[in-house]
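Enquirer: Please model the entire structure based on the sequences and the hints provided.
Chains B and P are the protein sequences, given in the same order. Heads up, the first sequence is in this note's numbering, so the first residue is 1 and it goes up one at a time. Heads up, the second sequence is in this note's numbering, so the first residue is 1 and it goes up one at a time.
Hints are computed from structural coordinates only; laboratory data are not their basis. Built from N, CA and C at the ideal position, the CB exists for glycine as well. It is possible that part of the hints are untrue.
[Said to hold, decoys possible] Calculated lysine-lysine pairs in the PhoX-like style (CA-CA distance at most 25 Å, straight line):
| no. | chain 1 | residue 1 | chain 2 | residue 2 |
| --- | --- | --- | --- | --- |
| 1 | P | K73 | B | K76 |
| 2 | B | K76 | B | K214 |
| 3 | B | K130 | B | K286 |
| 4 | P | K152 | P | K140 |
| 5 | P | K140 | B | K286 |
| 6 | B | K325 | B | K352 |
| 7 | B | K70 | P | K73 |
| 8 | B | K193 | B | K76 |
| 9 | B | K325 | P | K140 |
| 10 | B | K70 | P | K160 |
| 11 | P | K177 | B | K85 |
| 12 | B | K263 | B | K70 |
| 13 | B | K76 | B | K130 |
| 14 | B | K85 | B | K263 |
| 15 | B | K334 | B | K214 |
| 16 | B | K263 | B | K130 |
| 17 | B | K352 | B | K214 |
| 18 | P | K176 | B | K325 |
| 19 | P | K160 | P | K140 |
| 20 | B | K334 | B | K352 |
| 21 | B | K325 | B | K263 |
[Unchecked claim] Ranges between beta-carbon positions, derived for each pair:
| no. | chain 1 | residue 1 | chain 2 | residue 2 | range |
| --- | --- | --- | --- | --- | --- |
| 22 | B | G160 | P | P127 | 57 to 67 Å |
| 23 | P | L54 | B | K76 | 13 to 23 Å |
| 24 | B | D354 | P | R174 | 52 to 62 Å |
| 25 | P | E102 | B | R221 | 48 to 58 Å |
| 26 | P | R52 | B | Q335 | 13 to 23 Å |
| 27 | P | P62 | B | D192 | 36 to 46 Å |
| 28 | P | A10 | B | G146 | 31 to 41 Å |
| 29 | B | D192 | P | D171 | 47 to 57 Å |
| 30 | B | S151 | P | R52 | 33 to 43 Å |
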Amino acid sequence: MTIVPNDSDNTLFDQLVNQWLDTEPVDSEVSDSTTLRPELLDSSQLSRAADVQLLHAMLMGFAENSEDAKQSRMDKLMRSIRADKEKKAGKKGTSTQKPRRYVGPAIRLGTAAMIIIGFTILLTSLPPNKAMATIEQMISAIENAGDRTYSVIVRDQKTGRRERSWNRSAAERNRQERAVLDGATLYLRGRDKYVLYRYTPSGQAVLNGSDGQKNWLIRPRREVLVSDNPQAFRIPMPEDLADLLTLDFTDTLQRIQERYRIKYLGAVPVEQGQDVSWAYLHATLKERRFRGPRVIRIWAHPGTGLLRRIEFADIRLQGNPEPKKLILDLVDQKQLPNDWFTHSAHHPVDVKVDLLSEF
Amino acid sequence: MVFRSRRNEAQAIFEILVRENEAMLMTYLRAAVRNQAVVEDLFQETMLVAWRRLNEYDRSCPFGPWVRGIAAKLIMAHFRKAKSDIMITGCEMLEYLSRQIEHIHERPGDTWEQKIDALTHCIEALPDNHREMIELRYFKHQSALRISEVTKISLEAVRKRLQRARAQLLDCLRRKKVIVEAGT
Chain B
1 MTIVPNDSDN TLFDQLVNQW LDTEPVDSEV SDSTTLRPEL LDSSQLSRAA DVQLLHAMLM
61 GFAENSEDAK QSRMDKLMRS IRADKEKKAG KKGTSTQKPR RYVGPAIRLG TAAMIIIGFT
121 ILLTSLPPNK AMATIEQMIS AIENAGDRTY SVIVRDQKTG RRERSWNRSA AERNRQERAV
181 LDGATLYLRG RDKYVLYRYT PSGQAVLNGS DGQKNWLIRP RREVLVSDNP QAFRIPMPED
241 LADLLTLDFT DTLQRIQERY RIKYLGAVPV EQGQDVSWAY LHATLKERRF RGPRVIRIWA
301 HPGTGLLRRI EFADIRLQGN PEPKKLILDL VDQKQLPNDW FTHSAHHPVD VKVDLLSEF
Chain P
1 MVFRSRRNEA QAIFEILVRE NEAMLMTYLR AAVRNQAVVE DLFQETMLVA WRRLNEYDRS
61 CPFGPWVRGI AAKLIMAHFR KAKSDIMITG CEMLEYLSRQ IEHIHERPGD TWEQKIDALT
121 HCIEALPDNH REMIELRYFK HQSALRISEV TKISLEAVRK RLQRARAQLL DCLRRKKVIV
181 EAGT
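Expert: Here it is as C-alpha cells:
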C-alpha cells in the first residue's frame, strides 16, 4: 500500500511518521509495504518528516553513548579492511603465476590455520596495549630527554585560524594587558624545570619558571617573585584544562592515562603531506564526570617516545565563548644554557628580587 | 624514525577520518533506515566502499559529505530490497538530511556528541510525563508497546506523548539553532 497524505491533513501525517518510528520492523501494525512516496509529498511535509527522523536518530545515538559499541564497530571495520588488503595482495601475488589446478586440502587448511593464528596474534598485540605502551614510553622519555622547546598555539576550533591578541584593536589592547597562551614558548628540561614565555597584547613578556627547587615569576616593570612553594605562580590554564594540563608533562600524561580511552592509530604525519611519521594516539574522555576536553591528539617519536605534539580540542578560553584548540608543538631540541631555568638568566641584575617564604 | 609504507599511512589516516565521522554517519543512517541491524551493516559497507575508493577522495574537501554520498547510494539500493525499513526515500529526502547533518557538523565542538549537546538541555526542559516517555523509549530501549505495559497507559496515549515530546524537542533544537528551519 502506498499512502499519499492529504496536504491539508498534516496532523495525520505527523502521526503516521511518529507511529512508524515507534513500530518495530517486525510488527504487523504498520504494513511492510507502507511507504510515503516523496514525489507525492510537498516540501514542508518532507522536511517535517525528515526532522522527526533526524531527531529520532540523534536520540538513539545519544542514548547509545557506549564507547564499547563504537570500538566494536571500529574493530569490525578494521578487520574488514585488513582482510580486503590481504585479499588484494593475494590477487596481485598470484596474478603473474600460472594458475594452479590442484591445491591439496591439507595445504588450504594449513594456510587457513596460519591466517587465523596470525590474525589472533595481530588482534591481541594491537590497541589498547600499544597505546598504553606508547604513553609509558613517553613518560620514560621525559626523564631522559635533553632540553626541549615547545611552541604554544591557540587556534579557533571551527575556522582553524590563530586569533592572536595583537590583532585586536588598540582599545581592546589597552583594556586587557594580560599575558596570553597563544604565541607562548615553553622550554623544558627533565620533568621539573621549565620556563614559559607569554606575551601581553602590547608585546611585553611575562615569564613563569622553575629551576626544580624554586618557582619564579617575572613581570614587566615589577620586582621578580621567587618562592619555594611548588604551587606558587601557577599559570592560569583555560578552565577545561585546569585539572589536566600542567607543565609537568609526566603528570599530564598520567592523568590522560587514567581518564581517557586511548587508541594507537599507527604512524601518521603531524601535518598532511609531511614525509615523517609519528606514533599517533587518539584519546577520548572515558566519562563526562572527568573534567577536560573530550578529545586529545598526541604525536610521539615512534622510537624514543619523545612528545612531538599534543592537541587539546574544543576548549573555552576565559572571556571567549568560541571553542579553541590548544596545541603544544615541539620546535627545537637544542641544548639551552646551563642557567636557563634560573630567573637571573632572564632579567637585568639590578631588578629587585622578592623571595616569598609563604605563598 | 619509522617510515611506514604509504598504504599503512593511508589506513591510519582513514581510521582517524572514520573515528571523527562515525557518530555523524550513524545518525545519518539511523535517520533514514529503521532496522538497527541494517544500519550497522550499512555503516560497515559504506566505510569499506570509502576505503576502496580512497584514491578518488579529494582531501581538500570535507570527508563527511563524501562518505554520506556513498551511504545514500547504499540506502537507495537497500530500499529496493526491503521497503519496510525506510519510510520516505528518494534523493530529495536524503539530501535534506545530509544538509541538516552538515549544519550540525559545523557547530562548535570537537565531537558529534558535543555538537548535539543542546539536546540534553532540551530533554531536561521537557514536562515530566514527556521526559519519562523519551527516557523509556530511547535510554531504556523500550518499545511503545512495552512502555504501555509498564506505565499502564494505553498504547495510543504512549504514542501521542512520544509524538508531542518529539515535537517539543524539535522546537527546542530549532530555537537553539541545532536544526535549521526548512527553507533557511
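Enquirer: All hints are to be evaluated individually against the structure, with a verdict given for each.
Expert: Structure-based check of each hint:
| no. | hint | verdict |
| --- | --- | --- |
| 1 | P:K73 - B:K76 | holds, 22 Å |
| 2 | B:K76 - B:K214 | violated, 52 Å |
| 3 | B:K130 - B:K286 | holds, 18 Å |
| 4 | P:K152 - P:K140 | holds, 17 Å |
| 5 | P:K140 - B:K286 | holds, 21 Å |
| 6 | B:K325 - B:K352 | violated, 37 Å |
| 7 | B:K70 - P:K73 | holds, 23 Å |
| 8 | B:K193 - B:K76 | violated, 45 Å |
| 9 | B:K325 - P:K140 | violated, 35 Å |
| 10 | B:K70 - P:K160 | violated, 32 Å |
| 11 | P:K177 - B:K85 | violated, 43 Å |
| 12 | B:K263 - B:K70 | holds, 12 Å |
| 13 | B:K76 - B:K130 | holds, 18 Å |
| 14 | B:K85 - B:K263 | holds, 22 Å |
| 15 | B:K334 - B:K214 | holds, 24 Å |
| 16 | B:K263 - B:K130 | holds, 8 Å |
| 17 | B:K352 - B:K214 | holds, 16 Å |
| 18 | P:K176 - B:K325 | holds, 23 Å |
| 19 | P:K160 - P:K140 | holds, 19 Å |
| 20 | B:K334 - B:K352 | violated, 31 Å |
| 21 | B:K325 - B:K263 | holds, 20 Å |
| 22 | B:G160 - P:P127: 57 to 67 Å | violated, 42 Å |
| 23 | P:L54 - B:K76: 13 to 23 Å | holds, 18 Å |
| 24 | B:D354 - P:R174: 52 to 62 Å | holds, 57 Å |
| 25 | P:E102 - B:R221: 48 to 58 Å | holds, 51 Å |
| 26 | P:R52 - B:Q335: 13 to 23 Å | violated, 49 Å |
| 27 | P:P62 - B:D192: 36 to 46 Å | holds, 43 Å |
| 28 | P:A10 - B:G146: 31 to 41 Å | holds, 34 Å |
| 29 | B:D192 - P:D171: 47 to 57 Å | holds, 55 Å |
| 30 | B:S151 - P:R52: 33 to 43 Å | holds, 39 Å |
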